[in-house]
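*Asks:* Okay, here's what each chain looks like letter by letter:
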Amino acid sequence: MLEIIRQPWPWYVAGPLIGLTVPALLILGNKSFGISSSLRHICAMCIPAKIPFFQYDWKKELWNMFFVLGIFFGGIIAAAFLANPAPMQLNPALIKELSIYGITDFSSLVPVDLVSWDKLFTLPGFIMMVGGGFLVGFGTRYAGGCTSGHAIMGLSTLQWPSLVATVCFMIGGFIMANWILPFILML
Amino acid sequence: MKDQLEIIMNESQRQPKWYHNLKYLMVGLFFGVLFVKAEVISWFRIQEMFRLQTFHMYGIIGSAVVVGMISVWLIKRFRITTISGEQITFTDKKFNKGQIYGGLMFGLGWGLTGACPGPLFAQIGIGATVVIVTLISAIAGTWVYGRFKDHLPH
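Going down the list, the protein sequences come from chains G and X. Mapping the first sequence onto this note's numbering, position 181 (from 1) lands on 181, and the numbers just tick up by one. Mapping the second sequence onto this note's numbering, position 134 (from 1) lands on 134, and the numbers just tick up by one.
Bound conformation, chain G alone (with noise of 0.2 angstroms):
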């Protein structure tokens, strides 16, 4: 059993899954799926400054809290106990196109040649965690919601703005990815 649980599970095993987190929050508290609002409240609770958008009872979306804690503990988990002793299977065009760039080390879930203490202070380092971080933050908010929040709540509920959110949040990636990260990463 241990063994099946070890493997990486396939995606017909772990998007319905992902999905019922749905209905598991509404049934439970009538909480809707979100994770970025998180973000939102970390400002509100330790640095308001004043700032309409952070003046609100944080302390009511405390659950939300709980719930990234909950991520984080699971990452834990799953490292510790459950992570996968075969390196993982990566599209042979990938590990081709990476190289080209000294990306050789697969054996994490994040590119370590990139991202490591060691590499935050050198250009590509630097734009990929504080700048990405930053276009995370920002754009999550400005588009009201995330793939949680916009792409999985969003859309089980039939709301077309989560689909515009949806539509350019991967147009937005395929630019990254395909046009403007080669770049970034010849710095």
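Everything labelled a hint here was simulated from the structure, so no lab data went into it. A few of these clues could be false.
Pulled a few chain G residues facing chain X out of the computed Cβ check, cut under 10 angstroms [unchecked claim]:
no.	residue
1	Leu2
2	Pro52
3	Trp63
4	Pro85
5	Ala86
6	Leu90
7	Thr140
One side of the interface only, derived from the structure: several residues of chain G facing chain X at Cβ under 8 angstroms [claimed, not checked]:
no.	residue
8	Trp9
9	Phe66
10	Ser99
11	Tyr101
12	Thr104
13	Ser107
14	Val115
15	Leu135
Note that CB positions come from ideal geometry on N, CA and C, so glycine has one too.
Starting from the known structure of chain G, fit chain X onto it as the hints suggest.
*Replies:* Just chain X now, with coordinates in the frame of chain G:
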């Protein structure tokens, strides 16, 4: 005095005790394991997705949406309530241009970091501690949005 007491009681009824939130911690825990085991938090899988080199991520997002849709339909159809008997409510999202501009920005960030907000927490959990920097930067991005919200086209 009596009024005050009543207010306090109402407050505590409206705001459940902190430990009621532990159930969300458990859902999150399950979700974090799922993220890692399905390799959703893998930068490489996200790159494969945006290069159309794998069906994996499309299968995950697509099947998650289908299961979510069916669940929401069932909840509405059979008027399923929460475990405490409360009626489940849905709020309609209003369209604004932020979903386009912000969506594109988020997409660029997603393609760069290979992570949306949820995976950031899980990546830190698996021991990629440097992702704390990405998370702090994402919080900073959220803050800057909040600060300049009124000056942005919506």
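*Asks:* Identify every previously stated hint that the structure contradicts and give their numbers, smallest first.
*Replies:* 1, 4, 5, 10, 11, 12, 13
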